[in-house]
Structures are given as structure tokens and as C-alpha cells.
Amino acid sequence: MAEFDNFRKRTEKEKTQMYEIGAKSIIEKVLPVVDNFERGLAAVPEENQDDAFVEGMNKIYKQIMTMLEEADVRPIEAIGKEFDPNLHNAVMQTESEEYETGIVAQELQKGYTYRDSVVRHSMVAVVS
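Just so it is clear: in the sequence shown, position 45 is 175 by the numbering used here, and no numbers are missing.
What the hints contain is simulated information worked out from the structure, not anything from laboratory work.
Do not take every clue at face value.
To be verified - With a Cα cut of at most 27 Å, we get these calculated DSSO-like pairs of lysine-lysine:
1) K240 <-> K159
2) K189 <-> K159
3) K240 <-> K211
4) K154 <-> K139
5) K240 <-> K189
6) K192 <-> K159
7) K154 <-> K192
8) K211 <-> K192
Unchecked claim - Pair by pair, the computed Cβ-Cβ distance ranges are:
9) E207 <-> I151: 22 to 28 Å
10) N188 <-> K139: 42 to 48 Å
11) G152 <-> E227: 44 to 50 Å
12) E133 <-> E207: 43 to 49 Å
13) E200 <-> Q147: 20 to 26 Å
These numbers come from a predicted model, not from an experiment.
Don't be surprised by glycine CBs; every beta carbon is placed ideally from N, CA and C.
Can you make the complete structure from the sequences, with help from the hints?
Here is the structure:
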């Protein structure tokens, strides 16, 4: 009985791990789509913000972000935070009068976590 109970627990743990791996894989594939939405919406001129097409794209973007949030996917806060190699990927150093040394001054690509584990690190510029 003890061996069967151990087998059952091990199988349940393996099944949970496989689910987590699959979920992270799907999230990694959706994040470039989110990035493209953000870049596209940022490129819309101010005078075109009220166009029906732009409003539709905003609604789709918000729907995707709501779905990710409900799935426990959260953006990593970077700007103004102390550089953390567990969350951030420093790709450049910069000068800043606003922030001290070792603080993230610019976020080049947003990072995300899924259930407290990093799916994608934030690409950042750190004050030197």
C-alpha cells in the first residue's frame, strides 16, 4: 500500500510539472504577439487614436492582457527598481540624473512571470 501511495503521489507531481511546462510554452509563444500589439499601438499618431480600427486593436490588446492576468501571468516591474539578475537582463548601461547606480532606468522589452517563476526576463538599461 505504501509503494502504491508513493507511486500515486509521484505521478500526480509529474502531471503537475508537465502542465506547468506546457503552460509556460504557450505563454512564451503569446508574448511576442503582445509585444507587437504594444509597438503597433504606440506607433499610432495622436490624431488617429479615435479611429475605429485603433479602438478595436486596443480592445483586443486589453482582452489578451486580461486573459494573461487571469492565467496568473504578470509583467515584471523594472523601471526605478534595483537591478535583479533573477528578473532582469541588463543589455546596456546608461547615465541618469534621476536614478542611482544599479537602478533600472529604461525597459527595452517587458518581462513576465507565471505563478512566481520567470517566463521571460525584462531587457533593461541599468544606470552605471
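Taking the hints in turn, this is what the structure says about them:
no., hint, in the structure
1, K240 <-> K159, "holds, 14 Å"
2, K189 <-> K159, "holds, 20 Å"
3, K240 <-> K211, "holds, 14 Å"
4, K154 <-> K139, "holds, 23 Å"
5, K240 <-> K189, "holds, 20 Å"
6, K192 <-> K159, "holds, 18 Å"
7, K154 <-> K192, "holds, 20 Å"
8, K211 <-> K192, "holds, 25 Å"
9, E207 <-> I151: 22 to 28 Å, "holds, 26 Å"
10, N188 <-> K139: 42 to 48 Å, "holds, 47 Å"
11, G152 <-> E227: 44 to 50 Å, "holds, 46 Å"
12, E133 <-> E207: 43 to 49 Å, "holds, 47 Å"
13, E200 <-> Q147: 20 to 26 Å, "holds, 22 Å"
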